[in-house]
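S.K.: Chains as they are written, first to last, in my numbering: chain A, 108 to 200; chain B, 96 to 230.
No false leads were mixed into what you were given.
Derived CB-CB ranges, DEER-like:
no., chain 1, residue 1, chain 2, residue 2, range
1, B, 157, A, 188, 35 to 43 angstroms
2, A, 183, B, 129, 19 to 27 angstroms
3, B, 109, A, 161, 21 to 29 angstroms
4, A, 121, B, 129, 20 to 28 angstroms
5, B, 185, A, 117, 36 to 44 angstroms
6, A, 175, B, 101, 30 to 38 angstroms
7, B, 96, A, 188, 46 to 54 angstroms
8, B, 155, A, 183, 32 to 40 angstroms
9, A, 164, B, 194, 46 to 54 angstroms
10, B, 191, A, 114, 33 to 41 angstroms
Short derived list, chain A residues pointing at chain B, Cβ under 10 angstroms:
no., residue
11, 111
12, 144
13, 145
14, 148
15, 151
16, 167
17, 181
18, 185
Reference listing, derived: stretches of chain B covered by chain A, where coverage requires no fewer than 3 residues with Cβ under 8 angstroms from a Cβ of chain A:
no., segment
19, 110 to 121
20, 132 to 140
21, 148 to 160
22, 166 to 172
23, 177 to 183
No lab work stands behind these hints, which were simulated from the structure alone. No residue lacks a Cβ here, since even glycine has one placed at the ideal position from N, Cα and C.
In case you want the letters, here they are:
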Amino acid sequence: MSALYFSMAVALLLTMILGLGHVFRQPGRADSLLAALLFGSTGVALVLVLGQGLGMARALDIALVFALLAAVLGVAFVLRGWPDDDSKEDPKP
Amino acid sequence: MIVLDVLTGGLLLAALFFFVAGTVGLLRFPDLYSRLHALTKADNVGLGLTVLALMLQAESWPEVFKLGLIWVLVLVASATVCFLIGNEAYRRGVKPWTNLHAGSSGRESAPSELGKKLEPTHVGCYDETEGRISP
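With the rest of the complex left out, here is chain A:
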């Protein structure tokens, strides 16, 4: 049964790496914020599945912290850290 969890974790990790590869190809843009959302959903699932596979009850707490951090990071980025360059590049028609 734990083989199922581990293969699920590996597959989740692969999809996460693919998504992050897209995000990091566009540095400084709002797309980098999508990484926070990726960690908030796929990352939490990865931690949960890994915790079940390893028999770690603590994984639930770790996943809770991940979810909380993703929310706080997203809100903080939108309110304070959004780069200005992508709006300056915009030639107004």
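Since the structure of chain A is already known, use the hints to place chain B on it.
M.R.: Structure of chain B alone, referenced to chain A:
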């Protein structure tokens, strides 16, 4: 117990399908709004199915409750962050992608997009001139 294990496996596979769908959407969708959509909808369904699968294996009711709590928290958080990003992007003038202006060259039509594997970051993106379509 066998039934529960099979159910867990099936739910995990279904969850994986939704996660892959979300990542493919993130890679392939043309603008910020649709990529947000792919991440916040498909991935949350995948997480919900994962949580459901793990609930079947939980040993106590508090654990089940905690798993459900994690999912609800992620749902609320990602809905909030999705709204904030979309709202701020719209306020800053990021135009939603539209296919109405494909023109004779057909640069933004789907077939030519599909031909460019994993390199469409300059076609139809929100930060390029094609993405900020002027009428």
